[in-house]
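**Student:** One letter stands for each residue in the lines below.
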Amino acid sequence: DGGITQSPKYLFRKEGQNVTLSCEQNLNHDAMYWYRQDPGQGLRLIYYSQIVNDFQKGDIAEGYSVSREKKESFPLTVTSAQKNPTAFYLCAAAAPRGQGFLAFFGQGTRLTVV
Amino acid sequence: AQKVTQAQTEISVVEKEDVTLDCVYETRDTTYYLFWYKQPPSGELVFLIRRNSFDEQNEISGRYSWNFQKSTSSFNFTITASQVVDSAVYFCALSEAGYSGNTGKLIFGQGTTLQVKP
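Heads up: the protein sequence lines correspond to chains X and C, in order.
So the first sequence is numbered by our numbering: it starts at 1 and just counts up by one.
So the second sequence is numbered by our numbering: it starts at 115 and just counts up by one.
Derived by calculation from the structure, the hints in this document are not laboratory data.
Here a beta-carbon is modelled for each residue, glycine too, at the ideal position from N, C-alpha and C.
A hint or two may mislead.
One side only, chain X facing chain C, incomplete, derived with CB under 8 Å [claimed, not checked]:
(1) Asn26
(2) Ala31
(3) Pro39
(4) Gln41
(5) Gly42
(6) Leu45
(7) Tyr48
(8) Phe88
(9) Ala94
(10) Gly100
(11) Phe101
(12) Leu102
(13) Phe105
(14) Gly106
Just a sample of chain X residues kept apart from chain C, beta carbon distances all over 10 Å, derived [as the list claims (entries may be wrong)]:
(15) Leu43
(16) Glu62
(17) Ser65
(18) Ser73
(19) Ala103
Below, a list of computed lysine to any residue pairs in the SDA-like style, where the Cα atoms sit at most 20 Å apart [what the hints assert, rightly or not]:
(20) C:Lys152 to C:Ala115
(21) X:Lys14 to X:Thr79
(22) C:Lys117 to X:Thr79
(23) C:Lys117 to X:Ala61
(24) C:Lys117 to C:Ser185
(25) C:Lys152 to C:Phe168
(26) X:Lys9 to C:Gly157
(27) C:Lys152 to X:Asp38
(28) C:Lys184 to C:Glu173
(29) X:Lys57 to C:Lys117
(30) C:Lys117 to X:Gly58
(31) X:Lys57 to C:Gly157
(32) C:Lys152 to X:Ala61
(33) X:Lys57 to C:Gln116
(34) C:Lys152 to X:Gln41
(35) C:Lys117 to C:Val138
Whenever a hint applies, use it, and build me the whole structure from the sequences.
**Tutor:** Dropping the structure here:
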């Protein structure tokens, strides 16, 4: 099936530990994004990438890192510098439609600090 | 600055009622796109509609309809004859494509939780 796959669905992190969230897409879309969702809030952009080997910080990039070595993969690492990492993380991929983009989302990873 | 406001945090209706979800946006760009996404309990965001800033035609898709008014910077979403399966969180989002750059980044509202009771 075509789409975006995020893994794992649930992830638990100990204090001071780095964890990596996986995002893979087979839509052949150039652009990929990571958003964070906190309870009762909208999604906020962490990082995005419009092309392989290039990525840009979003609004809340501190404490996170990404890589884009392959078009289909955009993993997100939550580092120990992120003081409040418990949240729901959503990955998206987008392709140009007209002058803009149309984004499709994965099913998310719920990260909890224990 | 760009911003999306969904003032209704939660709405509860009884099945078959009509319900309107409000969305107000702010942008300095003249070229932009507005979206509605649905987030069911499973968590994935499901795309519902995209509208560009040059197209103010209202749209109807089955029980769903959207009213875009640039004069009031609003992009409201109406569900007619609501059903229990419509229960979800609904997000309005903005993507700028003019002088702010065309990156596909989305600015989301806070979301409206819709509960449809049988």
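**Student:** Given the proposed pairing of C:Lys152 with X:Ala61, does the C-alpha separation stay at or below 20 Å?
**Tutor:** violated, 25 Å
**Student:** Just to be careful, I want the Cα atoms of X:Lys57 and C:Gln116 compared with a cutoff of 20 Å; is the pair within it?
**Tutor:** Given pair X:Lys57, C:Gln116 holds - Cα atoms ~17 Å apart, limit 20 Å.
**Student:** At a threshold of 8 Å, is the proposed contact between X:Leu102 and chain C supported by beta-carbon distances?
**Tutor:** holds, 6 Å
**Student:** Measuring Cβ to Cβ, find out whether X:Ser65 lies farther than 10 Å from everything in chain C.
**Tutor:** holds, 18 Å
**Student:** Holds or violated: is the Cβ of X:Tyr48 closer than 8 Å to a Cβ in chain C?
**Tutor:** holds, 6 Å
**Student:** Given X:Gln41 was flagged as interface, is its beta-carbon under 8 Å from a beta-carbon of chain C?
**Tutor:** Hint on X:Gln41: holds, closest Cβ of chain C at ~6 Å, below 8 Å.
**Student:** Holds or violated: C:Lys117 with C:Val138, Cα cutoff 20 Å?
**Tutor:** Distance of about 8 Å is within 20 Å: holds.
**Student:** Are all beta-carbon distances from X:Leu43 to chain C longer than 10 Å?
**Tutor:** violated, 5 Å
**Student:** Can the hint on X:Asn26 be confirmed by a CB-to-CB distance to chain C that is less than 8 Å?
**Tutor:** violated, 16 Å
**Student:** Given the hint that C:Lys184 pairs with C:Glu173, test it: the Cα-Cα distance must not exceed 20 Å.
**Tutor:** holds, 15 Å
**Student:** Next item in the hint list is X:Gly106. Is there a CB on chain C closer than 8 Å to its CB?
**Tutor:** holds, 7 Å
**Student:** For a C-alpha distance cap of 20 Å, please report whether X:Lys57 and C:Gly157 respect it.
**Tutor:** violated, 24 Å
Comparing the model with each earlier hint shows violations of hints 1, 3, 15, 19, 20, 22, 25, 31, 32; every other hint is respected.
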